[in-house]
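S.K.: Chain by chain, the residues run as shown.
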Amino acid sequence: MRFDLTLALADRPGQLLKALEPIAKNGGNIISIIHEREKPAEGFVPVSLVVDFPSKWNLRKTIEDLKSLGVAIVKSEEIVELKRLTLIVIGRMGIKRLIESKLENVRITSFEVSAPTTKEACVKLDLEVPTESVDAVMDELKKVSKEENAILISPV
Amino acid sequence: MKALIIGFGFIGRDLVKAFYEKKDAIRKIDRDFKVIGVSHSKGYLHNDEGLDLQRLQHIKNLEDYGSSYHAGESSLGLIEKSEADLMVEATPTRIKDGEPGLTFIRKALNSGISVVTSNKGPLVVAFHELTRLAEKNGCELLYEGTVAGAIPIFSLVRECLQGDRVLRISGILNGTTNYILSRMYFDEMSFELALKEAQERGISERDSSYDVDGIDAACKVVILANALMNRNVKFEDVEITGIRGITQEALSLAKKSNFAIKLIGTIDSTLEVAPKLVPINHPLCVHGTLNAVHLETDLAKEITLVGYGAGRETVSAVLNDVLTVLRKKKKAA
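In order, the protein sequences belong to chains A and B. Numbering (our numbering) for the first sequence: 1 to 156. Numbering (our numbering) for the second sequence: 1001 to 1333.
Bound-form chain A, shown alone (with noise of 0.2 Å):
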């Protein structure tokens, strides 16, 4: 899992190495660093990086000793890889039925209804979904249209 950091160091010499090695102790593989030296607000430094964790329980044992060591926690949020996905739906499915679906941290960015000529209503959406849940949202949308009598049209 990977995750952004964003330390606050005290403006002295050998504070960043005392931050890292709590990462390093707990699994923590360092994607990225940014030490603004140059910016110095208040005597603290930022410090932003990028860590892939085992698991989130390795970045909460990382951030108890951090903070034992008196080091500011700014930031600390997992960083979620998402995949645009465009679905046309054919048929009487309403949006709603679509939103209330298990559907988890999955965002719909736009959609469009077609004016209907025909008796089946046609829906287009643009949806953002976690890479790791893309087979479990499609799965789901898949039972979901045919409990509906709809017909998915999801991307090749």
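For the record, the hints were derived by calculation from the structure and aren't laboratory data. Honestly, I wouldn't trust all of these hints.
Said to hold, decoys possible - If the Cβ cut is set under 7 Å, some of the chain B residues that face chain A in the computed set are: (1) G1043; (2) I1240; (3) E1249; (4) I1264.
All values reported here derive from a predicted model rather than from experimental measurement. Idealized CB from N, CA, C, for every residue including glycine.
Since the structure of chain A is provided, determine the placement of chain B on it from the hints.
M.R.: Structure of chain B alone, referenced to chain A:
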């Protein structure tokens, strides 16, 4: 080498024509190549000295050949009594039980006769049984014409990707549905009108369900999965959605976002035939009656082949299979 042609529909007839037109190229591989028998459902022609291909290519019905015609006799009888080395099986496809082609292929392989077929039915029903039978009897079983017509997908993998593992296959495997969807996409025709036009132009059968309900594409998915990905799957394992429900509105919405809608057969963790959104710059986005097959392998990564998938072009695949058998037998001798 002595050859039989079982089935004298358009593939059988076009093959006779190709044998005649390419006779010099064939003789370079096998000086003694001759067609000794041709059958259809009402009887067969048999002459152990070889039939006259020039005469045969101009007739529509075998009865018109004159001498050597055995009315009312079965193809099975011809396979049994001839001492052929090779049989080209080109009878109509029946998905339910693979017959009558399945019985003919079993008979030929059990008699040590190599088989080239363009008939999907027997391979959909009994792929592994037939390949084992060919191996056991030391003969060849080639079927390039069964999937995507003239596109040499099986030959490509067999000859050129010997060290690769095929991970995923997707493709436009039915020319009729591609024609209909292309007409709907470019000319804003309704499904019904595009289908009617396809029928009038002879692109689709009168009974269109085989094409538009995805049955034909699903048969090809089964053969590809068994032949190229070492699966053991049946027709019932394919999840099928045809193109009857595709509306003009859906195509317009797709077009506005730079997609086309194509009937795609997919083989990965599941087997599926369904309409899909294909980006217009994707290699599978081909139009008209074209077919396209997209292979994903561990070493070569991605390869796409595009070509005509049905009709007369299929003869190219059948002829190449025949020449492959001739070369192999020559090498073995």
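S.K.: Next, verify each hint and record whether it holds.
M.R.: Now the hints, each set against the structure:
{"no.": "1", "hint": "G1043", "in the structure": "violated, 47 Å"}
{"no.": "2", "hint": "I1240", "in the structure": "violated, 12 Å"}
{"no.": "3", "hint": "E1249", "in the structure": "holds, 4 Å"}
{"no.": "4", "hint": "I1264", "in the structure": "holds, 6 Å"}
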